[in-house]
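Chain by chain, the residues:
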Amino acid sequence: MKAYYKITPEGTKDYLFEEASAINEVACITTSVYRSKGYHEVKTPGLEFFDEFNLKSSAIAQERMFKLTDNKGRLMVIRPDSTLPIARVVATRLQNKPMPIRLFYNQSVFRSNPSLTGRKNEVRQTGIELLGAVGKRADLEVIITAIEALQKIVPDFRIELGHAGLFRSLAKKLDCSDEIKESIRDSIQSKNYSQLNSILDTLPQSDTVEAIRKLPRLFGGEEVLTQAAPLFEGTEGESDLAYLSEIYHALSKLMMGDKLIMDLGFVQRNDYYSDFIFSAYVEGSGDAVLTGGRYDKLLDEFDAPMPAAGFALNADALADIMLSSGKSFEEKPADIIVHADEGFEMDAISQCRFYTLSGFKCENSVFTSRDEVIRYAKENGVKQVCFMSGKPETIDIENMGEQI
Amino acid sequence: MKPLRIALTKGRLEKDTVALLEQIGYDCSAVRNKGRRLILPIGSGEIEVVLAKAADVITYVEHGVCDLGVVGKDTILENGTSFYELLDLGFGKCRFAVAGKAGYDFYDGYKAKTIATKYPNVARTHFENKAMDIRFIKIEGSVELAPLLGLADAIVDIVETGSTLKENGLEVYEEVVPISARLIANNASLKLRKKEIEELVDKMEKYITRTE
Numbered sequence: 001m002k003a004y005y006k007i008t009p010e011g012t013k014d015y016l017f018e019e020a021s022a023i024n025e026v027a028c029i030t031t032s033v034y035r036s037k038g039y040h041e042v043k044t045p046g047l048e049f050f051d052e053f054n055l056k057s058s059a060i061a062q063e064r065m066f067k068l069t070d071n072k073g074r075l076m077v078i079r080p081d082s083t084l085p086i087a088r089v090v091a092t093r094l095q096n097k098p099m100p101i102r103l104f105y106n107q108s109v110f111r112s113n114p115s116l117t118g119r120k121n122e123v124r125q126t127g128i129e130l131l132g133a134v135g136k137r138a139d140l141e142v143i144i145t146a147i148e149a150l151q152k153i154v155p156d157f158r159i160e161l162g163h164a165g166l167f168r169s170l171a172k173k174l175d176c177s178d179e180i181k182e183s184i185r186d187s188i189q190s191k192n193y194s195q196l197n198s199i200l201d202t203l204p205q206s207d208t209v210e211a212i213r214k215l216p217r218l219f220g221g222e223e224v225l226t227q228a229a230p231l232f233e234g235t236e237g238e239s240d241l242a243y244l245s246e247i248y249h250a251l252s253k254l255m256m257g258d259k260l261i262m263d264l265g266f267v268q269r270n271d272y273y274s275d276f277i278f279s280a281y282v283e284g285s286g287d288a289v290l291t292g293g294r295y296d297k298l299l300d301e302f303d304a305p306m307p308a309a310g311f312a313l314n315a316d317a318l319a320d321i322m323l324s325s326g327k328s329f330e331e332k333p334a335d336i337i338v339h340a341d342e343g344f345e346m347d348a349i350s351q352c353r354f355y356t357l358s359g360f361k362c363e364n365s366v367f368t369s370r371d372e373v374i375r376y377a378k379e380n381g382v383k384q385v386c387f388m389s390g391k392p393e394t395i396d397i398e399n400m401g402e403q404i
Numbered sequence: 001m002k003p004l005r006i007a008l009t010k011g012r013l014e015k016d017t018v019a020l021l022e023q024i025g026y027d028c029s030a031v032r033n034k035g036r037r038l039i040l041p042i043g044s045g046e047i048e049v050v051l052a053k054a055a056d057v058i059t060y061v062e063h064g065v066c067d068l069g070v071v072g073k074d075t076i077l078e079n080g081t082s083f084y085e086l087l088d089l090g091f092g093k094c095r096f097a098v099a100g101k102a103g104y105d106f107y108d109g110y111k112a113k114t115i116a117t118k119y120p121n122v123a124r125t126h127f128e129n130k131a132m133d134i135r136f137i138k139i140e141g142s143v144e145l146a147p148l149l150g151l152a153d154a155i156v157d158i159v160e161t162g163s164t165l166k167e168n169g170l171e172v173y174e175e176v177v178p179i180s181a182r183l184i185a186n187n188a189s190l191k192l193r194k195k196e197i198e199e200l201v202d203k204m205e206k207y208i209t210r211t212e
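Line by line, the protein sequences are chains P and V. In this text, residue positions in the first sequence follow our numbering: the first is 1, and each later residue adds one. In this text, residue positions in the second sequence follow our numbering: the first is 1, and each later residue adds one.
In isolation and in its complexed conformation, chain P is listed as follows (with noise of 0.2 Å):
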């Protein structure tokens, strides 16, 4: 039998050096923003129970989890996604908390991709959810936080601005199957604008029909708005559109005309998002960066109905746009090895604790003999090694010329 012990598994990697650091650097910008903010953090099971990620309105599609079962034969899943265990959690143990609730995460995700399209199946994000909140003060704050934490890290995004009750509210008013609804949705979605044209004709023309074939192309600035707002007129959706104006003329009081830019066609597939939805863009991901939005309905799943809102941030394709802009991660050598000759180890360990206490990045010697770990300096890029044999003598690598 094949054993594969030297690889890792499609979808994965380890990650070395600048590119865990890199990382970690993500992490601890998103992670200062976020408790600057009162967010506090919490960390959920690697592994849980298949039916927690199989709700209606949340449905993950199953095929791009990964299941195994439990010793009673139940079916549980890797973490496929981090919003539903902190509603889980804030049903069950913090239900007694006053509300609103701040949280944030910093977690990988498991989802399984296709083969062969190199794509990732263990994703680091981090991000955060404000639950038992509604209106304009808590999504201004969900999507505020999230610029805030793309700032530190990029100079330069796009955020992009939806709403899901526009497309809905046009729906509904739409006499048709909800199969067929639902492959208009997935045309908008994926702006197939043929496709979505050829099922509008197919049904009675009417204004609604109109303005739906018109959704997908309504992205841009201002002008979106006034585009749309005949569209609207006497709907359920006139009163999202007006909110998302809202939101688009506070927020772009902070961020620079075309930075921002509204999607009406901005409908999200298979998820939890019901309202105002957003999400980011940097140059050098092909995918958003960022996903995030308002999803009121969820935490009726768990039978502690709240509105809540928040937003996901990938991690390590922050991490890659920042290692590929140049910015280096890459670690010094230590400034010092020090090395003990035989019966002096411990003075070894008391000196390198000096060394380190006075600020210095010290290593212990570990060779059994002085040219070894004058090779092992040179090698490595170390200026000095300290000899302890009784008093410390200090020698210089770079003086030291081809003696040895």
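In case anyone wonders, no lab produced these hints; they're calculated from the structure. The C-beta atom is built at its ideal place from N, Cα and C for all residues, glycine as well. Any given hint could turn out to be false.
What the hints assert, rightly or not - Residues of chain P placed beyond 10 Å of chain V at every Cβ, according to the derived structure:
1) P9
2) S58
3) P114
4) V154
5) K191
6) N192
7) G220
8) D287
9) D335
10) E393
To be verified - Rough simulated footprint, nothing fancy, chain P against chain V, three-plus residues with beta-carbon under 8 Å:
11) 94-106
12) 191-201
Fit chain V to the known structure of chain P by using the hints.
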């Protein structure tokens, strides 16, 4: 400013797209005299053309290393996942169809049927929607052979004029879906480079509707 990068499916779609780009005012002489080069500037350098195999066009666009792509709907149906499909370019027209030996009633009887195809995903989706239990066999080329040699009851394949089928004594049982070339865009590119992409799409669209 980085040029807008557009991946074209090598071969006929490439030629039709180049003709379209020339019609809307881009100088494509570099592509016409490409030699063996695979990345070529067009116009005054604001667009870069990348030549790739059909399925790879989708891969490059999905990963965002190309902003746009021109690819057949057949490839999208077989391989597509996450990108924007902006425009039906109107050329490269054909259709997916179920075909087999002339005179045979494929849908008759209770026996589970066998389908040979180069497009297993398209075939599977089609028969799943009809709730038909089918055994699929993937064939790499000249799928028409499979029913003739008795390996399969029928095939799912691209049919253009139907003359290959006819010459081999086969006929179309059922049309699955019409096909034509599509302009696709990477999700992030459309947001990050909205203005450039929209301008190009508008020009293409105007030209296509004018000639239709």
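Hint by hint, here is what the structure shows:
no. : hint    : in the structure
1   : P9      : holds (20 Å)
2   : S58     : holds (20 Å)
3   : P114    : violated (7 Å)
4   : V154    : holds (12 Å)
5   : K191    : violated (4 Å)
6   : N192    : violated (4 Å)
7   : G220    : violated (7 Å)
8   : D287    : violated (6 Å)
9   : D335    : holds (42 Å)
10  : E393    : holds (56 Å)
11  : 94-106  : violated (count 0)
12  : 191-201 : holds (count 3)
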